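Chemist: Residues per chain, in single letters:
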Amino acid sequence: MAHIKKKPVDAVIIGFGWTGAIMGMELTDAGLDVVALERGENRDTNPDFAYPRIADELTYGMRYKLFQNLATETVSVRHAIGDTAVPYRQLGSFLPGNGVGGAGVHWNGAHWRVLPEELRLRSHVIERYGKSFIPSNMTIQDFGVSYEELEPYFSFFERVAGVSGKAGNLNGEIMLNSGGNPLEGFRSTEFPLPPLADVYGASLFAKAATELGYHPFSMPAANASQPYTNPYGVQMGPCNFCGFCERFGCYNYSKASPQTTILPVLLKRPNFELRAQSQVMKINLASDGKRATGVTYIDAQGNTVEQPADLVILSAFQMHNVRMLLLSGIGKPYDPITGKGVVGKNYAYQMMGGVSAFFNEDVPINPFIGAGGGGQIIDDLNGDHFDHGPLGFIGGAYVMVNQSGGRPIQQMSVPPGTPAWGAGWKHAIKKHYGHTVNIATHGSVMSYRDAYFDLDPTYRDAYGQPLLRMTFDWHDNDIRMSQYVTGKTADIARAMKPESIGINVKKLGDHYDVRPYQTTHTVGGAIMGERPDSSVLNKYLQSWDVHNVFVMGASAFPQNIGYNPTGLVGALAYWSANAIRERYLKNPGPLV
Amino acid sequence: MDHSSDEPSRRRFLKASLSVVPLVALGACGRPPEQGQASVISGSAGATSSNTASKYIPQFFTDPEWRFINAACDRLIPADDVGPGAVESGVPEFIDRQMLAAFGLAANWYMQGPYLPASPLFGYQGKQPPREVYRAGIAATDDYCKKQFGGKIFTELNHSQQEQVLTGLEKGQIQFDATSATDFFAFLLQNTKEGYLADPIHGGNKNMGSWKMIGFPGARADFIDWVSRHGEQYPLGPVSISGQAG
Numbered sequence: 000m001a002h003i004k005k006k007p008v009d010a011v012i013i014g015f016g017w018t019g020a021i022m023g024m025e026l027t028d029a030g031l032d033v034v035a036l037e038r039g040e041n042r043d044t045n046p047d048f049a050y051p052r053i054a055d056e057l058t059y060g061m062r063y064k065l066f067q068n069l070a071t072e073t074v075s076v077r078h079a080i081g082d083t084a085v086p087y088r089q090l091g092s093f094l095p096g097n098g099v100g101g102a103g104v105h106w107n108g109a110h111w112r113v114l115p116e117e118l119r120l121r122s123h124v125i126e127r128y129g130k131s132f133i134p135s136n137m138t139i140q141d142f143g144v145s146y147e148e149l150e151p152y153f154s155f156f157e158r159v160a161g162v163s164g165k166a167g168n169l170n171g172e173i174m175l176n177s178g179g180n181p182l183e184g185f186r187s188t189e190f191p192l193p194p195l196a197d198v199y200g201a202s203l204f205a206k207a208a209t210e211l212g213y214h215p216f217s218m219p220a221a222n223a224s225q226p227y228t229n230p231y232g233v234q235m236g237p238c239n240f241c242g243f244c245e246r247f248g249c250y251n252y253s254k255a256s257p258q259t260t261i262l263p264v265l266l267k268r269p270n271f272e273l274r275a276q277s278q279v280m281k282i283n284l285a286s287d288g289k290r291a292t293g294v295t296y297i298d299a300q301g302n303t304v305e306q307p308a309d310l311v312i313l314s315a316f317q318m319h320n321v322r323m324l325l326l327s328g329i330g331k332p333y334d335p336i337t338g339k340g341v342v343g344k345n346y347a348y349q350m351m352g353g354v355s356a357f358f359n360e361d362v363p364i365n366p367f368i369g370a371g372g373g374g375q376i377i378d379d380l381n382g383d384h385f386d387h388g389p390l391g392f393i394g395g396a397y398v399m400v401n402q403s404g405g406r407p408i409q410q411m412s413v414p415p416g417t418p419a420w421g422a423g424w425k426h427a428i429k430k431h432y433g434h435t436v437n438i439a440t441h442g443s444v445m446s447y448r449d450a451y452f453d454l455d456p457t458y459r460d461a462y463g464q465p466l467l468r469m470t471f472d473w474h475d476n477d478i479r480m481s482q483y484v485t486g487k488t489a490d491i492a493r494a495m496k497p498e499s500i501g502i503n504v505k506k507l508g509d510h511y512d513v514r515p516y517q518t519t520h521t522v523g524g525a526i527m528g529e530r531p532d533s534s535v536l537n538k539y540l541q542s543w544d545v546h547n548v549f550v551m552g553a554s555a556f557p558q559n560i561g562y563n564p565t566g567l568v569g570a571l572a573y574w575s576a577n578a579i580r581e582r583y584l585k586n587p588g589p590l591v
Numbered sequence: 000m001d002h003s004s005d006e007p008s009r010r011r012f013l014k015a016s017l018s019v020v021p022l023v024a025l026g027a028c029g030r031p032p033e034q035g036q037a038s039v040i041s042g043s044a045g046a047t048s049s050n051t052a053s054k055y056i057p058q059f060f061t062d063p064e065w066r067f068i069n070a071a072c073d074r075l076i077p078a079d080d081v082g083p084g085a086v087e088s089g090v091p092e093f094i095d096r097q098m099l100a101a102f103g104l105a106a107n108w109y110m111q112g113p114y115l116p117a118s119p120l121f122g123y124q125g126k127q128p129p130r131e132v133y134r135a136g137i138a139a140t141d142d143y144c145k146k147q148f149g150g151k152i153f154t155e156l157n158h159s160q161q162e163q164v165l166t167g168l169e170k171g172q173i174q175f176d177a178t179s180a181t182d183f184f185a186f187l188l189q190n191t192k193e194g195y196l197a198d199p200i201h202g203g204n205k206n207m208g209s210w211k212m213i214g215f216p217g218a219r220a221d222f223i224d225w226v227s228r229h230g231e232q233y234p235l236g237p238v239s240i241s242g243q244a245g
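First to last, the protein sequences are chains A and B.
Letter by letter, the first sequence follows residues 0 to 591 of numbering that gives the first Met the number 0.
Letter by letter, the second sequence follows residues 0 to 245 of numbering that gives the first Met the number 0.
Honestly, the hints are just simulated from the structure, not real lab data.
Each hint should be verified, as a subset may be incorrect.
[As the list claims (entries may be wrong)] SDA-like cross-link-like pairs, simulated, lysine to any residue; straight-line CA separation at most 20 Å:
1) K505/A x H78/A
2) K170/B x P418/A
3) K289/A x D9/A
4) K429/A x V81/B
5) K126/B x T457/A
6) K429/A x G230/B
7) K170/B x A185/B
8) K145/B x A106/B
9) K505/A x D9/A
10) K170/B x D9/A
11) K64/A x A106/B
12) K206/A x F358/A
Keep in mind that this is a model prediction, so the values were computed, not measured.
Let the sequences and hints guide you as you build the complete structure.
Modeler: What follows is the structure, encoded as structure tokens:
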């Protein structure tokens, strides 16, 4: 195949999901000529997510039509340093996106910020509990950016995405019983849209939680509760609770995605070009290794293409960002033995638990009525909203009834002890499908010395490059957190007065299982922070080592939070874009 | 953006769905018309006599394999008064079609070696794509049955014996050289439930029988007027992607 050299552009974007679209918008606003490279296919609401074909659980929910095809590339996984990693051959535990819009197409729309203290977690824990409270193998850090600095960017991203919700803290005023979260960080403005209506199960949960003294509120959802026009002039329609949200594209223009909020404007700009089916092999560096000169990619026909650029925005999925840095030789790889080096350091997952409340057949839950981001939440057991001193662990979880749909293959709940097949299984699904409320605990995972990424020594992708290798297992701190929160959740479930409950929580000593879906909120590996010897990026998401490379996404989180990451990921992208526009373009060089 | 463009087509779809109701409304029991008809493959006596296979001609499975799949599906989800069984629901057809699709070929899985032994926590690590696991698993199960049950193959066993064999595969009590018995059973059970509960466009869930049994409205996918009606049972039956209503 031919080797092609394209004419230089001002900026090249690697990966065209949420942060690629945001950076495309911001950099073209600043007058730059921008090319975005997306390795997956081009997609739009029509025809790719059109009704009725999108309402196909098997194709989209179980066969993962919109997700990364692992045949060409995956990651390898092992539990401990010294083990031999094996490939993640089938999608299961986490579902990386692929194609234009990335995971922004097939998320649920849970649109959170971050708790202010979580951005300075290490400092906060030391201040409140003392340094000895942090286990010796735990490598949590501060993000290096403050909530106050990010607040305008949270607010703007919420307006772009048409987020439905209710403020619980408006400019420092705590609004109890407002329908919002009284424990959240301050908001400078109310949500752009009112909360989504609650399904029955969510209202049952909120009533029981209130009786037990908790503070339930409506989940912040990037699912429009009303017709909406965002700051770019793009229109969204009200969510109709179709129940085909996560794993699906929205046929109704209701779920915020790059396609429904940004691309209709960006794709028409003359100084922007999208090239789909373009697989970036590496970021090219100048001979001194301190400046990127562009990227090399393989196009749809197999041609090798060099795209020179003055600015490189790395905005692929979290794991792919880490791998691209390692393949390109940007930053010093992390060594878990010495603790030196930074690229790959601090991989963290999230810890899910839950309680199912099984009601009798007189209680019609109608589980198929669902919005991806809708539902009722309590935040009382998340972050540092409760005294961890006597409990001896760090972190927390939010608790939710988020009825995102009742798709019968994936979302079927039956009581513990139900046979896996036969007449007993069939009778159980008939009895329980329409009468079960699932309460989830969605919790943080801290970072540890022995949880990290590097390049696999054996397995390679379809292009011959090494796979990323994940070394990860559960740690006691996070399992104890989940047991505590899930135990409290069982009390709420019992207060809902079901016939029976089923509890799903990990036991100490349980190992990470890649098979069942848990969450795609994988973080870390290209973390932001205060110093080049402990982070890959500075507080503006700029590489410490190569100043014209900026790395977006949850790879920047030094440890995980209880919330879903997209709100923080989007805010960080706008924050970084502002620094590029206001400072970097005028005087390219390190911003810190 | 032009948001109106998909609305008319959606309305047309729903209208069309309603218009075909009389053609597919099958009375209170909701059983498809194929039910009462003789099948080209009746299975051996005692195994599938009450639940005949459809007239679908398998494209992947051989005739003996097809009889095995029908018999196994009939045990994994049997028919009774509570709701339809897997066989009358077309699950064998669904599985046969999956064998020819990306699933059967493992087309979207990472299938490069080396293939190392690993804890089940790391998921399927075999070299064989699922359809090869099925083929080897069926043959090995029949070999096992012949040894254990005086020369009889799986389809010649009675229900209780068949369930005993399936349990042995599930629990790893039966092991094969040719393939992993637990992987074989796991694929078979996964695909059986998928075929039972997926949209009928994939060949299973004939007449949306499982959806009617559990109360899932299928591809209706629009509940704006029902979200706030707490404590009321949603009243409408399912529709499929093809427009079939029930």
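Chemist: To test your reading of the hints: which numbers does this structure violate?
Modeler: As far as the earlier hints go, 8, 9 and 10 are violated by this structure, in ascending order.
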